[in-house]
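A.B. asks: The whole structure should be built from the sequences, with the hints applied where relevant.
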Amino acid sequence: MADSPTLVLRAIQFFRRTPTTGEKEALPLLDKEDTSPLVVFCFVVNSCIGVGFLSLPRAFDRAGLLWAAFLCCVIGGVSMASSTWVVNSMSNTEALLRYIRPDAEGGERSTSHEPEFSITARKNELSQMVGLLFGDNLKRVYLFVLSYLMYTCLWCFASVFAASMAAKIPLPMVGPGNQFTCDLYTNQSWDCRLLYLEHLAVFACVCIPCSIVQLKETVSFQIAMSVARFVLIGLIMADALRMLFSQEAPPNFYKYDPTYYPTSSPLIVLSNTREVLSIAVYALYVQMMIPSTTQTLQNKAENILPTIWSAIAFCLIVYLAVGLSVAYVFGHDTLPVASLNWRHYTGGQMTAAPWAEKFSTALILFPTLDILSAFPLVAFCLGENLSLVGPQNTRINLAVYWRLLAAVPPICGAVMIDNVAVLFEYGAIGAWLMMVFFPAACLMQSQKLIEEKFGKDASKKNPYYTRFSHPPVVYTCCGISAVLYAYHLFTLAQVKLGFV
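At position 6 of the sequence shown the residue is numbered 6 (the working numbering), and the sequence of numbers has no breaks.
Heads up, some of the hints might be wrong.
[To be verified] Quick list of in silico lysine-lysine cross-link-like pairs, DSS-like style, CA-CA up to 30 Å:
hint, residue 1, residue 2
1, Lys168, Lys358
2, Lys448, Lys460
3, Lys448, Lys461
[As the list claims (entries may be wrong)] Just the calculated beta-carbon pair ranges, DEER-fashion:
hint, residue 1, residue 2, range
4, Ser264, Leu235, 17 to 25 Å
5, Ala362, Asp457, 49 to 57 Å
6, Leu38, Tyr401, 35 to 43 Å
7, Ser118, Glu452, 19 to 27 Å
8, Val415, Ile317, 30 to 38 Å
Rather than coming from a laboratory, the hints here were simulated on the basis of the structure. Note that the Cβ used here is the ideal one computed from N, Cα and C, for glycine as well.
C.D. replies: Printed below as a string of structure tokens:
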């Protein structure tokens with residue numbers, strides 16, 4: 001393998017500095033590495049905390065508070081380990097590229113016998129690493145799974161937006177006096193369905209045009225969205241804890257009743273394990289975003305792993321706090337989108353004061369603003385990935401058509417299926433592969449190649465080689481994940497085929 005022409009060709013194809021026609025991924029190196037750890041922390045948190053955390057309280061209620069919390073901790077530990085594998089693989093890939101030197105004419109090899117593991121600002125996405133280490137066939141599989149996962153994510157965005165808006169914002173042609181609002185998860189009337197579809201049409205009119213143009217995120221936007229998320233999470237937790245300690249009856253589905261207390265959530269319900277697994281895997285999956293979010297991070301050797309670990313740990317703590325507090329307060333009345341539990345919020349009074357109405361509106365409508373900003377970004381990324389597996393045309397720019405193919409089907413799907421819990425169950429099928437198995441495969445293959453080219457145990461000299469990278473730890477994480485993944489698939493098939 002030391003002189004493998006296949007590896008040289010792959011390196012030239014996926015990492016060459018001057019791209020040839022059709023080589024979409026062979027972009028030039030970036031020189032500036034000036035992004036602070038705080039900004040990267042916000043990037044990772046924004047990638048992690050999406051609409052998924054609003055569905056966790058319902059899963060906590062269904063599976064039991066203690067069991068759901070334990071499962072979230074297990075998935076959080078696996079996510080932290082696999083994130084380390086991605087960083088370690090990035091470093092190994094950089095060392096291999098320096099050895100092969102794909103920027104040199106014909107891929108001339110370096111004469112150095114010592115690996116250089118530093119991570120530059122090179123574009124080094126997971127798809128590129130899969131292509132370099134395993135070839136085009138597995139790379140196509142990776143892109144297919146990634147596209148599947150992104151489609152379900154966009155589908156969730158569309159459904160949550162329309163359901164949240166229907167709970168607070170009336171539209172023409174629905175209900176008496178055009179003032180009708182409803183909770184889609186408890187009201188199955190035609191008027192409620194029509195209002196949901198109208199908001200879905202509004203969503204399509206806004207997001208589809210935004211998805212087909214070139215988009216660039218700014219640092220200020222990312223920090224602002226992180227702050228807004230923290231505010232939303234703080235408000236949800238603070239009011240849930242206030243109701244808990246004051247023993248105030250929580251708002252129910254229809255109107256405030258100070259004597260009504262919902263049935264408490266159980267502690268352990270093993271039969272509903274799949275519901276927690278599907279949402280937790282979805283909510284803690286950030287591995288795909290690590291190469292791009294850390295590309296310009298300053299002083300990577302000291303900052304990259306602590307920044308990623310702290311971001312994932314923060315997200316896990318937030319998920320546990322929100323899941324436990326909301327499920328404990330609302331019990332079996334917890335809705336699939338937790339913020340909708342505040343739809344009839346009155347602040348403990350028989351009628352809602354103006355501040356209570358504003359508080360309720362803010363909790364329900366904030367996720368919609370978050371989704372409006374996130375949907376075009378994910379759709380753009382999905383369009384780019386779809387274009388990598390499609391035909392190339394040097395005469396016609398197909399980028400707009402690929403982005404349309406990314407943005408339109410999820411919105412059409414939300415017309416038929418609006419339950420985000422169902423979408424998470426199907427989306428998690430791809431999330432398991434992307435979070436655990438592809439990063440583990442890249443780590444093991446890159447370590448193997450490093451040791452073939454630089455000698456036995458050379459991979460252990462990598463400064464990003466931690467305890468998470470030890471083979472026993474990798475195999476243990478993969479083994480646990482494989483068991484949980486098989487359980488997820490088996491129980492999902494049982495339910496969908498009518499055996500349960």
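A.B. asks: Determine for every hint whether it applies to the structure shown.
C.D. replies: To see whether the hints hold, each was checked on the structure:
For the suggested pair Lys168 and Lys358, the alpha carbons sit about 11 Å apart, so the restraint of at most 30 Å is met. Between Lys448 and Lys460 the alpha-carbon distance is near 11 Å, which keeps this suggested pair within the 30 Å criterion. In summary, the hint linking Lys448 to Lys461 is supported, as the alpha carbons are separated by about 13 Å, within the 30 Å threshold. Our hint of 17 to 25 Å for Ser264 and Leu235 holds, since their Cβ atoms are close to 23 Å apart.
Judged by the Cβ atoms, the range 49 to 57 Å given for Ala362 and Asp457 holds: they are separated by roughly 56 Å. The given range of 35 to 43 Å is respected by Leu38 and Tyr401, whose C-beta atoms sit roughly 38 Å from each other. Judged by the Cβ atoms, the range 19 to 27 Å given for Ser118 and Glu452 holds: they are separated by roughly 21 Å. Judged by the Cβ atoms, the range 30 to 38 Å given for Val415 and Ile317 holds: they are separated by roughly 36 Å.
Taken one by one, the earlier hints all hold for this structure without exception.
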